[in-house]
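K.L.:
One-letter residues, chain by chain:
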Amino acid sequence: KNEVEQSPQNLTAQEGEFITINCSYSVGISALHWLQQHPGGGIVSLFMLSSGKKKHGRLIATINIQEKHSSLHITASHPRDSAVYICAVRSNTGNQFYFGTGTSLTVIP
Amino acid sequence: DAGVIQSPRHEVTEMGQEVTLRCKPISGHDYLFWYRQTMMRGLELLIYFNNNVPIDDSGMPEDRFSAKMPNASFSTLKIQPSEPRDSAVYFCASSSGYTQYFGPGTRLTVL
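First to last, the protein sequences are chains A and B. Its first residue numbered 1, the first sequence is counted upward by one per residue in the working numbering. Its first residue numbered 110, the second sequence is counted upward by one per residue in the working numbering.
Treat the hints as calculated values from the structure; they're not laboratory data. We put the beta carbon where it would ideally sit given N, CA and C, even for glycine. You may find that some hints are simply not true.
If you only want the chain B side, here are some residues facing chain A, beta carbon under 7 Å, derived [what the hints assert, rightly or not]:
hint, residue
1, 151
2, 152
3, 154
4, 207
5, 208
6, 213
7, 214
What follows is a list of derived Cβ distance ranges for each label pair [claimed, not checked]:
hint, chain 1, residue 1, chain 2, residue 2, range
8, A, 41, B, 182, 20 to 26 Å
9, A, 104, B, 181, 33 to 39 Å
10, B, 136, A, 14, 38 to 44 Å
11, B, 139, A, 27, 23 to 29 Å
So that you can see chain A by itself, here it is in the shape it has in the complex (with noise of 0.2 Å):
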């Protein structure tokens, strides 16, 4: 069993359209990282979550601690938003990292 769960794992969308991503984890957490890797490989930290909700531009995170779930939110979905998103947490035990498979988002024009 993956201490990181993700879904869905593949995502085609309509330009305009509001995207959500979902990731669920069986670990304590010190901390919530959302990656977006580009398909050309470069790998971007979007948010990094302990509680609560962040906002950047068009995407919003959340985080339910007592759920151990945390969704992404795209709004006006873009093009240019294409690419795999990595759900990552860091345990509040033995410091170590556990990862999504990734979803794999595709948005048409």
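Given chain A's structure and the hints, the job is docking chain B onto it.
P.N.:
What follows is chain B alone, placed relative to chain A:
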């Protein structure tokens, strides 16, 4: 700042050879991470350092892998001897807090 710098960007070698990957973190960052990414296993943390000291190397696959950080501005990941199953993209990342900044990666192919 130039960001995290990794070299080489691409490496092709034959099995049995020694491979050394290099990373220069962002100046002032006190954490450095080495990751491996494959299609089969996704992104995996291999090892990370804090203030040049290895903190957790539980992700290092086996004794053929070793990592060093001789100073705050340089780290190496060495594979000896390399095997075809080591083929992957290896990322280095650094941070001074919780946000990690990733390098462009080294694509390693072992024939």
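K.L.:
Next, verify each hint and record whether it holds.
P.N.:
Now the hints, each set against the structure:
1. 151: With a closest approach of 5 Å, the residue 151 of chain B hint holds.
2. 152: Status holds, d = 5 Å.
3. 154: With Cβ-Cβ at 4 Å, under 7 Å, it holds.
4. 207: Holds: closest Cβ of chain A sits about 4 Å from residue 207 of chain B, inside 7 Å.
5. 208: holds, 5 Å
6. 213: holds, 6 Å
7. 214: holds, 6 Å
8. A:41 with B:182: 20 to 26 Å: holds, 24 Å
9. A:104 with B:181: 33 to 39 Å: For residue 104 of chain A and residue 181 of chain B the Cβ distance comes to about 36 Å; the hint holds.
10. B:136 with A:14: 38 to 44 Å: holds, 43 Å
11. B:139 with A:27: 23 to 29 Å: Cβ of residue 139 of chain B to Cβ of residue 27 of chain A: about 24 Å, so the range 23 to 29 Å holds.
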